[in-house]
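> Work out the full structure: start from the sequences and follow the hints.
Those protein sequence lines, which keep their order, are chains A and B. Counting from 1, one number per residue, gives the positions in the first sequence under our numbering. Counting from 1001, one number per residue, gives the positions in the second sequence under our numbering.
One or more hints might be untrue.
[Unchecked claim] Think about it this way: if two alpha-carbon atoms lie no more than 25 Å apart in a straight line, the pair counts; the simulated DSS-like pairs of lysine-lysine are:
{"no.": "1", "chain 1": "A", "residue 1": "K79", "chain 2": "B", "residue 2": "K1096"}
{"no.": "2", "chain 1": "A", "residue 1": "K85", "chain 2": "A", "residue 2": "K73"}
{"no.": "3", "chain 1": "A", "residue 1": "K85", "chain 2": "B", "residue 2": "K1215"}
[To be verified] Looking from chain A toward chain B, a few residues come up when the C-beta cut is under 7 Å (computed):
{"no.": "4", "residue": "V105"}
{"no.": "5", "residue": "V118"}
{"no.": "6", "residue": "I270"}
FYI, nobody ran anything at the bench for these hints, they're computed from the structure. Glycine included, C-beta positions come from ideal geometry on N, C-alpha and C.
One letter stands for each residue in the lines below.
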Amino acid sequence: MLLEVRDLHVEFRTRDGVAKAVNGVNYSVDEGETLAVLGESGSGKSVTAQAVMGILDVPPGKITGGEILFRGKDLLKFKEEERRKVRGAEMAMIFQDALSSLNPVLSVGDQLGEMFIVHRGMSRKDARAKAIELMERVRIPGAAQRVRDYPHQFSGGMRQRIMIAMALALEPALIIADEPTTALDVTVQAQVMDLLAELQRELHMGLILITHDLGVVADVADKIAVMYAGRIVESAPVHDIYKSPAHPYTRGLLDSIPRLDQKGQELYAIKGLPPNLMHIPPGCAFNPRCPMAQDVCRTDEPELYEVDQHRGSACHFWRECLNG
Amino acid sequence: MPEQPFEPDRAIAGTGMGGAMDLATSEAETLEKTPGGPEGTGPQEKPRSLWSDAWRDLRRNPVFIISALVILFLIVISLWPSLIASGNPLKCDLAKAQEGSQPGHPFGYDGQGCDVYTRTVYGTRTSVTVGVLATLGVALFGSVLGGLAGFFGGIWDSILSRLTDIFFAIPVVLGGLVLLSVVTSNTVWPVIGFMVLLGWPQISRIARGSVITAKQNDYVQAARALGASNSRLLLRHITPNAVAPVIVVATIALGTYISLEATLSYLGVGLKPPTVSWGIDISSASQYIRNAPHMLLWPAGALAITVLAFIMLGDAVRDALDPKLR
Chain A
1 MLLEVRDLHV EFRTRDGVAK AVNGVNYSVD EGETLAVLGE SGSGKSVTAQ
51 AVMGILDVPP GKITGGEILF RGKDLLKFKE EERRKVRGAE MAMIFQDALS
101 SLNPVLSVGD QLGEMFIVHR GMSRKDARAK AIELMERVRI PGAAQRVRDY
151 PHQFSGGMRQ RIMIAMALAL EPALIIADEP TTALDVTVQA QVMDLLAELQ
201 RELHMGLILI THDLGVVADV ADKIAVMYAG RIVESAPVHD IYKSPAHPYT
251 RGLLDSIPRL DQKGQELYAI KGLPPNLMHI PPGCAFNPRC PMAQDVCRTD
301 EPELYEVDQH RGSACHFWRE CLNG
Chain B
1001 MPEQPFEPDR AIAGTGMGGA MDLATSEAET LEKTPGGPEG TGPQEKPRSL
1051 WSDAWRDLRR NPVFIISALV ILFLIVISLW PSLIASGNPL KCDLAKAQEG
1101 SQPGHPFGYD GQGCDVYTRT VYGTRTSVTV GVLATLGVAL FGSVLGGLAG
1151 FFGGIWDSIL SRLTDIFFAI PVVLGGLVLL SVVTSNTVWP VIGFMVLLGW
1201 PQISRIARGS VITAKQNDYV QAARALGASN SRLLLRHITP NAVAPVIVVA
1251 TIALGTYISL EATLSYLGVG LKPPTVSWGI DISSASQYIR NAPHMLLWPA
1301 GALAITVLAF IMLGDAVRDA LDPKLR
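The following block contains the structure:
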């Protein structure tokens, strides 16, 4: 297994109290596999990714438990300097907003070339040639001329391509893409997503795709992990989830996608708000919003029940949910 | 550069930068047909970076042009005062003390019978030297300390912040009277050292703040995620994005250091004769202000123009580097 996150716990210690952002997350990705991590804002999906990358802000953040196994070795036991060498070379991250994720005072060529200078000790000239090669690879037209341009001179889609090029520069084994298409125009979203998926296949990388866009997920993901209040509530191969969700939260998410055949009807929304991470309700964290909640849900926290060999659901009533 | 409406069919027709922007958003296949690159060759080429953008703003700003010319003139005469003054500032003739303007000596003579014009010209060198060196010292010392504290945070940040508070609490003139009165050296170094000692907290606060702001930018996080080390983050990603406020404040401070030198010299704890300085001249002229005001007027006027020029330059640079501050 390329990456295995085991029972990860992350807290944020703030003046107002302790926010439990991640509460025992387990997931894994293999080479050439795409895992989509789905969830609302504040569900802990990005924090988990930051913990994996080792870029969590400490303090206020703190990893309080668990293991992050990369090729069998626990990254949390690495020294910072060893960890830094893994970042960029073995695993890389693509961020949501490419404009703010690129340094405004450096040309894109300098930023792409930096990857080779930092990790490979290349000369400036060789790094520049590599940068042009990378820009061509992500299909930026006129790469040789545009290599000297600054980030603000590119359109949103092109900037995201540059972000992707930077992440892929050293052909890492694992890519984490944190909502890579959210900030883009709908027409460009598909292009960027296709490019990412294509390069992933080519380089046989593991991809963790963090998103709240169920449309994107269906096309590219192999399996899905749905997160709620810092826990995984359902994990399953992608087609199973779309066919029949085994957790009422997943069902709610799927039902909230607007559909063409429901024209004129009211849009469905899950009632209520995600819980305050400083006061996660006892029992199942989803119980105050759950249409199927029973007394047991308010007292007992459901474990991740095995639905079948590849599927898990953290719902006491997963059978009922599965059958609709 | 206004964003143009998305028109895929027209995209290939574009030739200037407008065309390039359209190109960027359109389909990849369309793009490959485009002849040439999107290099801006038209008359409306976009600014390439923050610095070239700022430089373009500055060149069009009359305040910058005037103050820069004045400063250039001051620097030239401080390097080669003999270009415009043929006399010797230390050669005085007591017989001519307090005499007014006369041919060859347009500013008249001071209380010791020295030529006021020559002394004013030669005083430029002292003032500019003190101002520039004090500013460089303050900027280097303050921004290194403040920048490191802002970047690493934690205990070092707390210690430095309290230390700056302590230094802020020392009144400059009082501090000068106490500290410089024990110095016997006739050179400019004790004065410069004193200015750096009391001046660095101002820059260190600003550097700390702007490093903290720059540190929170997504691109710093992104660079970290791609394996950049702390020193690389600081030097390549944070410093270029945090240095602008430091430059602005340092330029404005340069003017105040020049006037501070005059103040200290006036009080008798700054520079001492035979050094030629506007502050010393103002100090000695103040005794004769009723009978011979010209002795005060010229060095004081030169001081005011110099300080004003640096403050105006600082203002223009600030406007160019951060229009939001205006």
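> Under 7 Å is the threshold here; is the Cβ of V105/A close enough to any Cβ of chain B for the hint to stand?
Where the cut-off is 7 Å and the nearest Cβ of chain B is about 4 Å from V105/A, the hint holds.
> Taken at face value, is the distance from the CA of K1096/B to the CA of K79/A at most 25 Å?
With a Cα-Cα distance of about 78 Å, the restraint between K79/A and K1096/B is violated, given a limit of 25 Å.
> Does the CB of I270/A sit less than 7 Å away from some CB of chain B?
Violated: closest Cβ of chain B sits about 29 Å from I270/A, beyond 7 Å.
> Just to be careful: measuring from the Cβ of V118/A to every Cβ in chain B, is the smallest value less than 7 Å?
6 Å, holds
> K85/A and K1215/B were given as a pair; does the straight-line alpha-carbon distance stay at or below 25 Å?
21 Å, holds
> Taking only the CA atoms, is the gap from K85/A to K73/A under or equal to 25 Å?
The given pair, whose Cα atoms are some 14 Å apart, holds under the 25 Å limit.
This entry does not satisfy hints 1, 6, going by the numbered hints stated previously.
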